[in-house]
Amino acid sequence: VQTDLVDRARRGDREAFGVLAAGAVDRLHAIARLLLRDADLAEDATQDALVRAWRDLPTLRDVDRFDAWLHRLLVRSCTDIGRHRRRWRTEVSIVHLEPSEPDSVAGLANRDQIERGLRRLNEAQRTILVLHFYAGLSPTETAAALEIPVGTAKSRLHYAIEALRAALAADERIPVGAAPEGRLA
Amino acid sequence: MNATHDLERRISDYYAAEAPYRAPHWLLTQALDVIDTTPQRRTWARRPWRIPTMRSTSARLGLTSVAIATVGLVGMTFLWGSVIGPATSPSNDARSAFVGTWFSTSDADGGTQTMTVRASGEDGVEIVVTDDIASVCSRTASTMTGTGRLVGDTRLLIPSPAYTCDDGTKAVAMSGAPLQEQLRNLSFVLDAEAGYLTDNFRGMWLRDGGAAPSPAPRAAAPSPAPRASDTSAPQPSDTSAPRASDSAPQPSGTMWPQSGLEEVRQAQAFADAGDRAYTWQVDPQLSFDDLWLDRLNQPGTEIAERFLREEMGWDKFLFNPFVGDLDHGAADRIGGIGYMRCGPGDTNPLYPGPAVDLMTAPLAEPCAPSIDDLRYESLILDLTQPGQGGPTGVWVVSGWRPTAPFAQADPEVATAEAQARLEDHLQARIEGKGAEGSVDGRGMSVDIPLLYATTSGASYERYEIERSSGPTWPFGSMSFTIRLFADGGETVVEQQVQWNGAGIWHDVTTTTENGQPVPLP
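In order, the protein sequences belong to chains A and B. All the letters of the first sequence, read from the start, carry residue numbers 1391 to 1575 under this note's numbering. All the letters of the second sequence, read from the start, carry residue numbers 1308 to 1828 under this note's numbering.
None of these hints come from the bench; they were simulated from the model. A couple of the hints might just be wrong.
Every beta carbon over 10 Å from chain B, so not counted as near; a handful from chain A, in silico [to be verified]: (1) Gln1392; (2) Thr1393; (3) Asp1394; (4) Leu1395; (5) Asp1397; (6) Arg1398; (7) Lys1544.
Restraint-style ranges between C-beta atoms, simulated for each label pair [what the hints assert, rightly or not]: (8) Val1435/B - Asn1512/A: 56 to 62 Å; (9) Asn1512/A - Ala1711/B: 28 to 34 Å; (10) Asp1452/A - Gly1741/B: 53 to 59 Å; (11) Asp1452/A - Gly1428/B: 47 to 53 Å.
Idealized CB from N, CA, C, for every residue including glycine.
This is chain A alone, in the form it adopts within the complex (with noise of 0.2 Å):
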């Protein structure tokens, strides 16, 4: 069904395309969120995303690569979005994030683990684990998102569990106030 969607809207059936956009908004959003950690910035990546979906769909040359295409697509938008308006809207954005589902106590202890870790990671870092973990897309589909060959894709995952995984350790042991290395004042 999705395949004749995508071909339809391709020849632009706009009401075609309403209905893939209706059924991919809320995962894109999320995903969007998770990546930009920002409400704002995830709405307008969102709304780019969609946007440029409908605009660019004619070049998409294989409808059953849809999903990977607009996966890629949000990519691009959060990417663009959040080099070319977060530089300052970042400094002073708030992430309000709503769980969707009640905390647990442990649950709690756990995000608030994951949190820390992951606020030490690079955004490359961030980017690939929410790909992977919360869109649940495979190495080929996450380097095809992120147009990096599936290598890059595969190794850029791994040192991410890694570096998430010393970050949780240094989250434990590290000291207040420790004196860092390398001070430029």
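Following the hints, complete the assembly by docking chain B onto the known chain A.
Structure of chain B alone, referenced to chain A:
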């Protein structure tokens, strides 16, 4: 369950808990409202004619540069007349360069598009374009006729072509303005040296039978001699012909290694027969949505790499995602592919580590600038399958053009600039005013956690800046940890900031005070 799987489960649980379940209800409505007024990129030109559309300003500029380069060969007198100036009278035989039969290079829907051009009257030109599969005619045949004139010697202008479906139905544009509007002022620019036409939708037209005034193939290119099974034909890399580096590079260029449609068709036949002199031009990954960019990212894209080595004389180079306007819109064309030339040596003196950039550039060997300490020679390639599309079709370089040199940031300059910006910002936070202006200027300081004081209200007394990563090639991106001290050093506020080559930003979610996360305001 081992530690790895446990961690992966925890990550999944975290994201499942953190992700919003639903998007705001208005988000879809708003997006669809925008879409209602947004045309799709496909135009009449790609489907009925199978001409790849001109998609961007840079693409248009690219076409303009081709036109300028072409006309430059004819003479600057005609440049201004044909490209940006008022119409001038063509020379007496100028029309002869257009007269004849031409084929569109794209056959994405399997049809054949043919254009016949003939002189009419003293200075007129008539065209007849037939297409056996036209999408605007529900994939039936179509015919377009028109009368026009030359503008200068190299531009053919057809002000009001008439497009009809051969079965008598009305041709309807797939999107955008009415078909007749989109067709208005159809134009073709002649590359006199290579002998092809480029229309104003970036489509390429080649002469039938190689009768165009195209140059002889360069010695490095395989000759499409009619020996379909001759696997002993010399490989392009086997040639003893002088390398392009032995001669001055062309200012811009056209199709390579074949120079016309007929040659491409012969090359396709040889490739289909397994002739290794031509099979290297077949690159299935370039034809797939999910693989083409990977292919460009990785070494081994022979059509581009042989061109750069054999035609341009570049021994070492990198795919450059920072220039060009990558366009894979048409199935048989990838346009706007940027490459930068690496200088000699195995290291980039200013960035001795691997060349890595977030989510775009591949891991790569260090690439030293080829011009001076900072600048690289840079060009943009277009790849096309002029004959047969799909994974078994041969690819050619259908055009290339130089760009302004690509410049890497001087890491010392970037470091100094980032440090100065951060110091200004942090000093203002100690002084208790102006910090919001130093980073934003839009009066949003209230949202920066602990901007001027600790949670207990203590003012900051000093700061530290620790660089945690970078500078990273090519823009000198860096990450920093900043620390603000209060209460005689008893209280430490820590935040993560990044320099991206143009400014600083920091992630408010990383703020801690004495190691404890600070709730966001």
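Status of the hints after comparison with the structure:
The non-interface label for Gln1392/A is consistent with chain B: the shortest C-beta to C-beta separation is roughly 16 Å, beyond 10 Å. Every Cβ of chain B is farther than 10 Å from the Cβ of Thr1393/A; the closest lies at roughly 14 Å, confirming the non-interface assignment. Listed as outside the interface, Asp1394/A is consistent with that label: its C-beta sits roughly 18 Å from the nearest C-beta of chain B, beyond the 10 Å cut-off. Listed as outside the interface, Leu1395/A is consistent with that label: its C-beta sits roughly 15 Å from the nearest C-beta of chain B, beyond the 10 Å cut-off.
Every beta carbon of chain B lies more than 10 Å from that of Asp1397/A, the smallest distance being close to 13 Å; the non-interface claim holds. Distance to chain B confirms Arg1398/A as a non-interface residue, since its nearest Cβ pair spans about 12 Å, more than 10 Å. With a least CB separation of 12 Å from chain B, Lys1544/A remains clear of the 10 Å interface cut-off, as annotated. Under the hint 56 to 62 Å, the C-beta atoms of Val1435/B and Asn1512/A, about 59 Å apart, fit the expected range.
The hinted range of 28 to 34 Å is satisfied by Asn1512/A and Ala1711/B, whose Cβ atoms lie roughly 30 Å apart. About 54 Å separates the C-beta atoms of Asp1452/A and Gly1741/B, a value consistent with the hinted range of 53 to 59 Å. Distance hint check for Asp1452/A and Gly1428/B: the Cβ-Cβ separation is about 49 Å, which falls inside the suggested range of 47 to 53 Å.
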